[in-house]
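On the provided structure of chain E, position chain X as indicated by the hints.
Listed in order, the protein sequences are those of chains E and X.
Residue numbers for the first sequence follow our numbering, so the first one is 1 and each next one is one higher.
Residue numbers for the second sequence follow our numbering, so the first one is 1 and each next one is one higher.
Please note: incorrect hints may appear among the correct ones.
Because identical chains share one entry, a pair is satisfied inside a single copy or across any pair of copies.
Said to hold, decoys possible - Calculated cross-link-like contacts (lysine to any residue; reagent style SDA-like; alpha-carbon spacing at most 25 Å):
hint, residue 1, residue 2
1, K226, Q253
2, K438, L460
3, K226, A118
4, K226, N249
5, K226, T306
6, K74, A22
7, K226, P18
8, K74, R454
9, K226, G258
10, K80, A451
11, K226, R419
12, K80, L474
13, K438, S53
14, K74, G448
15, K350, S140
16, K139, T306
17, K80, A455
18, K132, E119
19, K438, L190
20, K438, A459
21, K226, E176
22, K350, G446
23, K226, I310
24, K139, M257
25, K350, K438
26, K350, P21
Derived from the structure by calculation, the hints contain no laboratory data.
One letter stands for each residue in the lines below.
Protein chains: 2
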Amino acid sequence: MNVSLTSEPLRPVVQTRPVPPALIEALSQRFGKQLSLAQVVREQHGRDESSFSVPPPDAVVFAESAQDVSDAVKLAAQYKVPVIPFGAGSSVEGHLLAVQGGISIDVGRMNQVLAIHAEDLTVTVQPGVTRKALNEAVKSTGLFFPIDPGADASIGGMCATRASGTNAVRYGTMRENVLALDVVTASGELIHTGTRAKKSSAGYDLTRLMVGSEGTLGILTEITLKLYPLPEAVMAATCSFASLAEAVNATIQIIQMGVPIARCELLDAVTVRMVNTHSKLSLPESALLLMEFHGSPAGVQEQVETVQAIAAEFGGDTFEWAHTPEERTRLWTARHNAYFAGVQSRPGCKVISTDACVPISRLADALLDSVLETQASGIPYFMVGHVGDGNFHMGYLIDPNSPEERATAEQLNHQLVRRALALGGTCTGEHGVGLHKKGFLLEETGVGAVAMMRAIKTALDPDNILNPGKIFEL
Amino acid sequence: MNVSLTSEPLRPVVQTRPVPPALIEALSQRFGKQLSLAQVVREQHGRDESSFSVPPPDAVVFAESAQDVSDAVKLAAQYKVPVIPFGAGSSVEGHLLAVQGGISIDVGRMNQVLAIHAEDLTVTVQPGVTRKALNEAVKSTGLFFPIDPGADASIGGMCATRASGTNAVRYGTMRENVLALDVVTASGELIHTGTRAKKSSAGYDLTRLMVGSEGTLGILTEITLKLYPLPEAVMAATCSFASLAEAVNATIQIIQMGVPIARCELLDAVTVRMVNTHSKLSLPESALLLMEFHGSPAGVQEQVETVQAIAAEFGGDTFEWAHTPEERTRLWTARHNAYFAGVQSRPGCKVISTDACVPISRLADALLDSVLETQASGIPYFMVGHVGDGNFHMGYLIDPNSPEERATAEQLNHQLVRRALALGGTCTGEHGVGLHKKGFLLEETGVGAVAMMRAIKTALDPDNILNPGKIFEL
Numbered sequence: 001m002n003v004s005l006t007s008e009p010l011r012p013v014v015q016t017r018p019v020p021p022a023l024i025e026a027l028s029q030r031f032g033k034q035l036s037l038a039q040v041v042r043e044q045h046g047r048d049e050s051s052f053s054v055p056p057p058d059a060v061v062f063a064e065s066a067q068d069v070s071d072a073v074k075l076a077a078q079y080k081v082p083v084i085p086f087g088a089g090s091s092v093e094g095h096l097l098a099v100q101g102g103i104s105i106d107v108g109r110m111n112q113v114l115a116i117h118a119e120d121l122t123v124t125v126q127p128g129v130t131r132k133a134l135n136e137a138v139k140s141t142g143l144f145f146p147i148d149p150g151a152d153a154s155i156g157g158m159c160a161t162r163a164s165g166t167n168a169v170r171y172g173t174m175r176e177n178v179l180a181l182d183v184v185t186a187s188g189e190l191i192h193t194g195t196r197a198k199k200s201s202a203g204y205d206l207t208r209l210m211v212g213s214e215g216t217l218g219i220l221t222e223i224t225l226k227l228y229p230l231p232e233a234v235m236a237a238t239c240s241f242a243s244l245a246e247a248v249n250a251t252i253q254i255i256q257m258g259v260p261i262a263r264c265e266l267l268d269a270v271t272v273r274m275v276n277t278h279s280k281l282s283l284p285e286s287a288l289l290l291m292e293f294h295g296s297p298a299g300v301q302e303q304v305e306t307v308q309a310i311a312a313e314f315g316g317d318t319f320e321w322a323h324t325p326e327e328r329t330r331l332w333t334a335r336h337n338a339y340f341a342g343v344q345s346r347p348g349c350k351v352i353s354t355d356a357c358v359p360i361s362r363l364a365d366a367l368l369d370s371v372l373e374t375q376a377s378g379i380p381y382f383m384v385g386h387v388g389d390g391n392f393h394m395g396y397l398i399d400p401n402s403p404e405e406r407a408t409a410e411q412l413n414h415q416l417v418r419r420a421l422a423l424g425g426t427c428t429g430e431h432g433v434g435l436h437k438k439g440f441l442l443e444e445t446g447v448g449a450v451a452m453m454r455a456i457k458t459a460l461d462p463d464n465i466l467n468p469g470k471i472f473e474l
Numbered sequence: 001m002n003v004s005l006t007s008e009p010l011r012p013v014v015q016t017r018p019v020p021p022a023l024i025e026a027l028s029q030r031f032g033k034q035l036s037l038a039q040v041v042r043e044q045h046g047r048d049e050s051s052f053s054v055p056p057p058d059a060v061v062f063a064e065s066a067q068d069v070s071d072a073v074k075l076a077a078q079y080k081v082p083v084i085p086f087g088a089g090s091s092v093e094g095h096l097l098a099v100q101g102g103i104s105i106d107v108g109r110m111n112q113v114l115a116i117h118a119e120d121l122t123v124t125v126q127p128g129v130t131r132k133a134l135n136e137a138v139k140s141t142g143l144f145f146p147i148d149p150g151a152d153a154s155i156g157g158m159c160a161t162r163a164s165g166t167n168a169v170r171y172g173t174m175r176e177n178v179l180a181l182d183v184v185t186a187s188g189e190l191i192h193t194g195t196r197a198k199k200s201s202a203g204y205d206l207t208r209l210m211v212g213s214e215g216t217l218g219i220l221t222e223i224t225l226k227l228y229p230l231p232e233a234v235m236a237a238t239c240s241f242a243s244l245a246e247a248v249n250a251t252i253q254i255i256q257m258g259v260p261i262a263r264c265e266l267l268d269a270v271t272v273r274m275v276n277t278h279s280k281l282s283l284p285e286s287a288l289l290l291m292e293f294h295g296s297p298a299g300v301q302e303q304v305e306t307v308q309a310i311a312a313e314f315g316g317d318t319f320e321w322a323h324t325p326e327e328r329t330r331l332w333t334a335r336h337n338a339y340f341a342g343v344q345s346r347p348g349c350k351v352i353s354t355d356a357c358v359p360i361s362r363l364a365d366a367l368l369d370s371v372l373e374t375q376a377s378g379i380p381y382f383m384v385g386h387v388g389d390g391n392f393h394m395g396y397l398i399d400p401n402s403p404e405e406r407a408t409a410e411q412l413n414h415q416l417v418r419r420a421l422a423l424g425g426t427c428t429g430e431h432g433v434g435l436h437k438k439g440f441l442l443e444e445t446g447v448g449a450v451a452m453m454r455a456i457k458t459a460l461d462p463d464n465i466l467n468p469g470k471i472f473e474l
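Chain E extracted, bound-state conformation (with noise of 0.2 Å):
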């Protein structure tokens, strides 16, 4: 199969669908003042952190219930106009863009904690809870929920993107930490899957179908996840080394010798100094690894040994403790707002953002060729890895106004692929496909899986009126 990359449009394809006024006028009897029109909302729900800026949705429902979310499809069904979920806003890959324009259903106010079962390590969310609120919620049970991407994302976008972040080495993604599901088909009706069960294999796992699935096989309007007890001994560390190389070649073996490491993060020189700047830190500014380890006190000091031990043999500095949960607060709050560090140093920028994952082996072959392009390539970048898992993101931080910036950014991406592909990898570790890798996943899995999901898609949701436009053409 010969795939062109370069088919991959530099700016997605608009076509928007008509919206009856029939269909806003039964919104509006339906949903009254949870219905907005308002230029202000809809543009406010037309956009996302990806680069890309099309025309916003039609309206704008906030959901208060299954039921609304029941409804709202029901009527857009009936009209064949796209419905698109939307949660904290915070997708990378323009999943919430209104490509063929419609109806945002905004499930913000969904954001109650319906039951902590902690006598079972489980939680049940709406699926507006952000991931912050969820562990503010659960605090006092002495039991957590690690899945964090940068952003304070909402559960139901973690869930429709199988988001992972810091933890995900130690602790999974959301494929490994929902249990069950609630979710609104393409007709409006409600459907269940999965128990608070640990395991099942009671048919086909429409949990871990619907996990990934970016809103375009339903929306989920209720999520139990696993939950895990809060460890008795965490330690937090930062690692410097004199080059990349080094910093990734000790993650390898980190992560060869099966330490069960909680977080094992990588920032460049250039990523710190970015970080530095926005979260008034002075950490220095080399290649530098962010380290966490859970379990009892013993547990943790062999731990920490064993990956001393090894980041000496890589020339590794000592390591820089977060002796407090507050310092280890402020390193984690660092690291997660790298992103917005990156967006900061260049005012006005846009970020295309890349997430690779190979197999830890190929860590080095797949980053540091990537990283050595960026520079060469002269266009400003950030550079962070959920290196423990083999995934890294540069982030181009383009003009959005020059056509040239996006074109060698784009190219610097294709590259960055195609190379991960070429080492067993992936085009999407944790963000998703959206609108932006449609090229890149059909290039990974081949035309044979892109027709399953198509067919799956087709069968599921006929009119494809559930975020349509995303993942893969029609």
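Okay, now just chain X, sitting in the frame of chain E:
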């Protein structure tokens, strides 16, 4: 919704489709000696460990490559004749039974370990490799594959049923441990799902859609799995309790405390007796926990101390240690053979196996009454549990010629499943739905979710040739 479970047939509906001589002729031309029409071969491929007996498939193709599987499916598809993948024949739910006739595709000869990537903790195998053969093949790398259903099942079959076993409490099930698949679809096309990257957000999760689909969506021809470092330290112990309730409640507390126990298995006194007889052991004949601890020496020691303290709280006896690797192997082999120990205890019997799995806090509620009801019924039984996962099996040892015993066992089964569902659990933790749990699946997930499964099946296999009659009615 009100679904009557008593509508579950006590015998499967057999409705074979005609297999035209032209298909047999074409298969014979293509496959020569790899095709068998012999009665004994067909019968061997038309039964499994379930209690049902139906006519065998019309022919058996011994596939030796993905191309063989593809060609066999293409020929069968031309004539709309069913194809049933066959691995080790160890299903307990009738997955292999040719209830609509057709061609059994035996992948047992596809038994090569294709690529061991020790540096990435992954391995790629053909579907006919068994779990024991896999572990033999990777032993020299210091890695292992933890998933271990009772039988020496094939990896393909374990994918198809989303199997787990004794290590799942720590290492997860096939759901968590399959990275990528090659699949022959209903049209005979070969597709690829996933890469060797540890995580991905690249489109619909076809890998996990296939895992647990019981041969109804495709036939697996290549499987990439996660491997784990052999733990530095392993300790295994048994602990006896005066009552089943105390053993179960100790288990609940072990899990709730977050102990990363590697195995936590329960046998009741009746079953210990059967195992002692079958495996020539002298385990104390009362409720028994079999446990294993993996980690660093210090980590294992910590786990053992915590669990000993919990066990003592519930009146558990002093731990009996399996000191050597040979003693450990003997203990776990005996546990894996508990099913056969049960069968041997009543010559000529057939087993109806339950497989409920509940949230850990509800395990006592689910398990204890089910054992009492079974004892009251007079039906001989065995009881084993992957209790760390909230999963347990009653094996009703019925006289296959006694409709009364079958009816009583089914009644017990229904009561047990209803109880598990009411407690937030699932009807099947690891065996799959097959022929026998279709009514239970409907009750568990509801009409809407099963309708979605049907829509997917119909989209991907419009002529219903892939293992028809399993999971749900069409």
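Query raised in the report: Checking against the hints above, which ones are violated?
Result: As far as the earlier hints go, 7, 15, 22, 26 are violated by this structure, in ascending order.
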